[in-house]
Each structure stands twice: as C-alpha cells, then as structure tokens.
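Participant: One line per chain: the protein sequences are A and B, in this order. First residue of the first sequence: 1, per full-length UniProt numbering; consecutive thereafter. First residue of the second sequence: 1, per full-length UniProt numbering; consecutive thereafter.
Hints listed in this document are in silico derivations from the structure and should not be mistaken for laboratory results. One should not assume that every hint holds.
[Said to hold, decoys possible] Under the rule of at most 27 Å between Cα atoms (straight-line distance), these lysine-lysine pairs were calculated in the DSS-like manner:
id: 1; chain 1: B; residue 1: K345; chain 2: B; residue 2: K268
id: 2; chain 1: B; residue 1: K107; chain 2: A; residue 2: K196
id: 3; chain 1: B; residue 1: K107; chain 2: B; residue 2: K74
id: 4; chain 1: B; residue 1: K133; chain 2: B; residue 2: K111
id: 5; chain 1: B; residue 1: K133; chain 2: B; residue 2: K153
id: 6; chain 1: B; residue 1: K167; chain 2: B; residue 2: K112
id: 7; chain 1: B; residue 1: K111; chain 2: B; residue 2: K182
id: 8; chain 1: A; residue 1: K196; chain 2: B; residue 2: K74
id: 9; chain 1: B; residue 1: K153; chain 2: A; residue 2: K196
id: 10; chain 1: B; residue 1: K74; chain 2: B; residue 2: K167
id: 11; chain 1: B; residue 1: K182; chain 2: B; residue 2: K112
id: 12; chain 1: B; residue 1: K153; chain 2: B; residue 2: K182
id: 13; chain 1: B; residue 1: K345; chain 2: A; residue 2: K196
id: 14; chain 1: B; residue 1: K111; chain 2: B; residue 2: K167
id: 15; chain 1: B; residue 1: K111; chain 2: A; residue 2: K196
Predicted model only: the values in this text are computed from it and were never measured.
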Amino acid sequence: MRRETPQRLADYGPLFFPAMMLIVFFVVPFATMIAVSFFQRQQGGFYVPAFELSNYQRFLSLFFANVLGFSLMLAIAVAICCVVLAIPFTYLLTRMARKVQIIWLVALLSVLSLSEVIIGFAWSTLFSRTAGITNLLVMAGLMSEAKALLPSFGAVLTGMVYQAFPYTVLVLYPALVRLDPTLTEAARTLGASPIKAFFTVVVPALRNTITATLIMVFIFALGSYLLPQLLGRPQHWTLSVLITDQAIYQSNMPFAAAMAVFLVLVTLGLVALTVIAGRKGEAA
Amino acid sequence: MSGLALNNVTKEFGTFTAVNNVDLTVPHGTFVCMLGPSGCGKTTLLRMIAGLDLPTGGAIRLDGDDITRVPTHKRNLGMVFQSLALFPHLTVGENIAYPLRIRSAPKEDQKKRVDELLSMIHLSGYADRPVSKLSGGQRQRVAIARALSISPKLFLLDEPLSALDAKLREAMQVELRQLQQKLGITTIVVTHDQREAMTMADTVVVMNRGEIRQAASPIEIYRRPADTFVADFIGSTNLLEAEADSAGRVTVLGQPVAGISLGPNISKATLSVRPEDVHLTAPGDGALSGTVTFVRDLGGTIETFVDVAGRQIIAVSTPRARPDVSVGQPVGVVLLPDVCVVLAK
Ligand SMILES: Nc1ncnc2c1ncn2[C@@H]1O[C@H](COP(=O)(O)OP(=O)(O)OP(=O)(O)O)[C@@H](O)[C@H]1O
Ligand SMILES: [Mg+2]
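My request is simple: use the sequences and hints to build the entire structure.
Facilitator: Encoded structure:
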C-alpha cells in the first residue's frame, strides 16, 4: 500500500494521541528519574535539586559491577529458557483443535493473573524440605531423604521462567498461528522428518519473532525484584532488588534513580546490539 | 507393477466419507489429472498419496511396495501445494536445494543440480534472489523445480496453476506437460479446470462425492462419458430423456427418432449430445421439431437455442456452417446416432 506523505499540520493528527500517551507515561517519568539521579540526598529520606555525579560514582565499584553482570546473565538465561520451552509448546498448541487451544490459553492467562508474591511463595513451598516436591521423589523411592531446593540459583531461575512463560507463549502464539501450516507439510514431502522440518523451516521462518521475544522476556526478567529475594541467596539478588532496596528501605531516591538509569542504558545498548546483529544476519 | 496403485482407498472424517473406495492404477510415467467439483475429495486423495493424511481403509502401492503407512518424508516424492509453500527465509537457490540439503548431498552436487533446474525452468541467474521478489509465474516454476530436485518417483500437484491469470496458466499448462514428458515422471495433478485437464493429461479421473466416476483418456471422457454426471461436468452437453417401447422404437422428448437404440431391454435412458453435434435442418421427418428461441453469435461460433417440447437444446456451429435461422422460426433438430451417447438412467 502506498501512502501519501503528510502535507499539512492536520495530517499529523492521528499521531497526536500516541504521542501524548508516550509523553505522559514514558518521557515524563523517565526524565524525572534522570533528573533525580543527579539530585542530592538529604538525611531523613528527602532530596534536593542539585547536580552531582556522586550517585554514579558510587555505582562504579566491583560490587555493583558483579550485581549488574549477574542480573544480565540471569535475564538472558530466563529469556533463553522461556523461548526454548515456549516455541515447541506454542507450535504444538497451534496444531491442536480450537477448543483445546482455548483451554490452554485460558490456563496461561490465569497464571498471568498471579502476582509475583504468590508465585514466589508457591515455589518456595514447592522447593521446601518439609512440603516440597522432593517428598514426592522420596515416596517414589528416587531419593532417600527430602531436602530443601532453595535458596538457590535453580530456584530463582525456575520461578522467573514460570512467571515469564505465559508472556512468551502469548507473544509467540500469533506468529505461529499465522505460519502457513503447508510450509512444514512441504518440508515433509521434500524429505524432512517432522523434527527436521521444525528446525529447518519453523524456527528460521520465525527468526525475527524469536529475536523480539527474547528481547521482551529479557527486559521483563530484568525488572523482577521479588523472586530473587524469595527464592535466592543474597548473591542471587539482581540490580532491581538493590534499586528497590535503595528506593524503599534506604530512602535513597537519587542513588536508586542513578542505578535505574544505568540499567536502562545497558539494556537499550544490548537490545540495539541484538537488533543490529539480526540485521547483519539477514543481509548475509 | 511399476507405478502407483490405489486399492479401495477410503478416508472418513468422523461420520463423513471424503474419499470412498477409490481404485486406480497409474502406470509409470503417466500424467493423471483429477477433476471434480469442489469438495469432492481430490485434495484428500492427493494428501493420502503423499502421506500427509492416512487412509482409514485400503492400500496404496508404489512400484509394488505398500506405502500406505510409510511416513511422508520417506516416500521420495515431490509435491507442489496450491499455496506453493516456498520457504520465505530461503533464496530461490536454497529453496530448490532444500531436498538435497536435507539428504546431506555434497555442496557441489547441490549447486550443480540447482543450476540445472534453474535453466530448465528458464530462471538461470535467479539463485540468489529472495523468493518474495519473484512474480507469480516465477514462483510457480521455483515450486515445481524444488519438487523435482531429487528426481522423485511421484510428482503431485494440487491446483498448481489456479493463482495465475488465464494467459499465463495456459502457457504453464503446456510447459508442465512438456517437462513431464521430457522427464517421464509419474504425475498427478488436481484441478478444477477441465481445459487444463484436457491439455495436460494422459488420463483424466473425474470424481464426485468421494468416488471416481470415470478414469479414461481426455478424448474418451469427452466422447464416451460413463454417466450423466461426467457428461454434464466435462464440457457442455444436451441431456435428453429417451424412451423405447417393447419393439425397440425410440422416442426422444416424446417424438420418434430413427436409428438410435438404447440397448436390449432398456426402456428409459438419457441421451447426451454435444452442442457441436446437434444439426439444425428444416422441420420434417426424422428430426425433432422445435422452435428457435435465441441466437448467440459469438463471432467464432454461433449458439442456437431451440425449444423442443419445453426442453432447451443448444446447437453450436461455425459461421461457415451457419444455419439459416432466426428467433421464432420452427426448425428440425437432427440427432445423429453415432454421436449420441446413451447413458443409463
Ligand atoms: N480435516 C478434515 N476434517 C473434516 N472434513 C474434512 C477435512 N478435510 C477435508 N474435509 C472434507 O472432505 C471433503 C473433501 O475435501 P477436499 O479438500 O478433498 O475437496 P477438494 O475436492 O480438494 O475440493 P476443492 O476443489 O474445493 O479443493 C470436503 O467436504 C471437506 O469438507
Ligand atoms: Mg482441494
């Protein structure tokens, strides 16, 4: 479809509403946060306008570098786990009868309605020594004695994958539904087993969707601050945990804002890299 | 036997029978067109031959081996889908090389075969184009080349040309037929279009409601339809009720005609007469008497509509043999015995 380029000011009218939304809900809060990150903290939890870099300086330490590194690593791990699990799951889901699909989608949506707190406590019960899943393994004779599986990295990862999985499926679902089912049939007639057809046709044909989904889950996971605390040890705490800690418990808004700004910048940088890498791959 | 054989192949979807007891042998190297109205089970039958659907009854044999339950990817066939199903993430060359890549053929062989196929479909030099940058006809050819790249035992096409415009379609029909003859490959094409079937096929299979009504050469199907459905479906025809008395004298539409026999002990039948076989003369003996109701002069042909005892008979003639008639004029309709096909009621 060819579109006329806008001629008069009024032609930009349709852009007005989205632009307003973007300004009110994104630009203004983000600008406020950037401003606060340069402010000076007052004893007692307040801050006054100023321009100082100490908040950022404090951040430049090995401790925070480690936390940042761990946060990114955790978010990447969650994103990869979710996508790797969700693609086959969603693919099989789209091949099922309409009714079955609806039941699964409703179930996934109901997981979305659970708050992070409920998910966290549910998993901490499931991973506990007294009431956890290891008791089932003991009953089945696979383990000699029940043990606690948390706090641990595995528990944090499981909880976060569980939380992000429904989003992943819901983002992948439309693309997979739209994927022409005759593509895999064609691959099969051309000599590919169903599994080979999946890896040589479905996955490559969805490359852009998969990249977009990875980025989405990655960003979603970066923001998680309750699950690492509920299911992990202090060394499993992410930058989001520290930001929450500074903002709410230490009442140090400027420092929290500085960390948040830094996190946003690093995230944007990584996303840009991914997109550029994707473009390069496409051109090659 | 070399070739494809279907024995009592049946496919039921729940209580609905989409393909019913189909028996068909396709000798090696034959070009078969399956023709029939929408929903008659052509696609379902083709998908069962490809292994994409499993029959609920019967057996499919290829070169003597029972392949009824062999998974699709082990059947070594080539199939062209109606949507073409070209892989959007691959280039033209990669699409054509896909079956070879899947079978881990050496890279040089793949390249050689791709070049060979591209020149066969007149698209040399297109190997590195993305498939999205091709025209409809070019995509069509790429889909055909991809299906042929392993030299399959069986070449299946489901309405391969339906997305093309009429002119391109006719050109592709000829091309496809020539290609098939050159390669000598057993080919089955599903189509809606009877001209297409007549152009390409060695054998036309006419289906209706999941059953094969007739399988024969195009000209035989046209000249000797097996039943009223086939006669009516292939080309246009005049179907006229005929009755015979105990002495064998035949009346058509209540008027006596000479020279036609319905066969022994048959009192009622339907006559099928192609419009080009209907001759108009002056009213008189041995001809059905009727009245001209409409004349359509199409330049190349002239269609005359004649009302005989309340039934409309269409006669087609060339301008050279133009009957001297006008609307409202009484005429005689001659049914020549050797071109009338008697069909059981
Ligand atoms: N998966 C299915 N489940 C139930 N019924 C089906 C299924 N696939 C096909 N049918 C039915 O089987 C019948 C034959 O379908 P088929 O697609 O073979 O027709 P066709 O001859 O190819 O028609 P067309 O010329 O319109 O493509 C149709 O009535 C269709 O509704
Ligand atoms: Mg069909």
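Participant: Determine for every hint whether it applies to the structure shown.
Facilitator: Results of checking the hints against the structure:
For the given pair, K345 of chain B sits about 7 Å from K268 of chain B by alpha-carbon distance, which is consistent with the 27 Å threshold. Restraint check for K107 of chain B and K196 of chain A: the C-alpha separation of about 19 Å stays at or below 27 Å, so the hint holds. Between the alpha carbons of K107 of chain B and K74 of chain B the distance comes to roughly 22 Å, so the proposed pair stays at or under 27 Å and holds. Between K133 of chain B and K111 of chain B the alpha-carbon distance is near 21 Å, which keeps this suggested pair within the 27 Å criterion.
Between K133 of chain B and K153 of chain B the alpha-carbon distance is near 31 Å, which puts this suggested pair outside the 27 Å criterion. The suggested pairing of K167 of chain B with K112 of chain B is violated, with an alpha-carbon distance near 32 Å, which exceeds 27 Å. Among the hinted pairs, K111 of chain B with K182 of chain B is consistent with the structure: their alpha-carbon atoms are about 22 Å apart, no more than 27 Å. Distance hint between K196 of chain A and K74 of chain B is fulfilled; the C-alpha atoms sit about 13 Å from each other, no more than 27 Å.
At most 27 Å may separate the alpha-carbon atoms for a hinted pair to count; K153 of chain B and K196 of chain A meet this at roughly 22 Å. Distance hint between K74 of chain B and K167 of chain B is unfulfilled; the C-alpha atoms sit about 37 Å from each other, more than 27 Å. A threshold of 27 Å between alpha carbons decides the hint, and for K182 of chain B with K112 of chain B the separation of about 19 Å falls inside it, so the pair holds. For the hint pairing K153 of chain B with K182 of chain B, the CA-to-CA distance comes to about 14 Å; that is within 27 Å, so the pair holds.
A threshold of 27 Å between alpha carbons decides the hint, and for K345 of chain B with K196 of chain A the separation of about 54 Å lies outside it, so the pair is violated. At most 27 Å may separate the alpha-carbon atoms for a hinted pair to count; K111 of chain B and K167 of chain B exceed this at roughly 32 Å. Distance check on the hinted pair: K111 of chain B and K196 of chain A sit about 21 Å apart at the alpha-carbon level, within 27 Å; holds.
The structure does not agree with the numbered hints 5, 6, 10, 13 and 14 stated previously, though it agrees with the rest.
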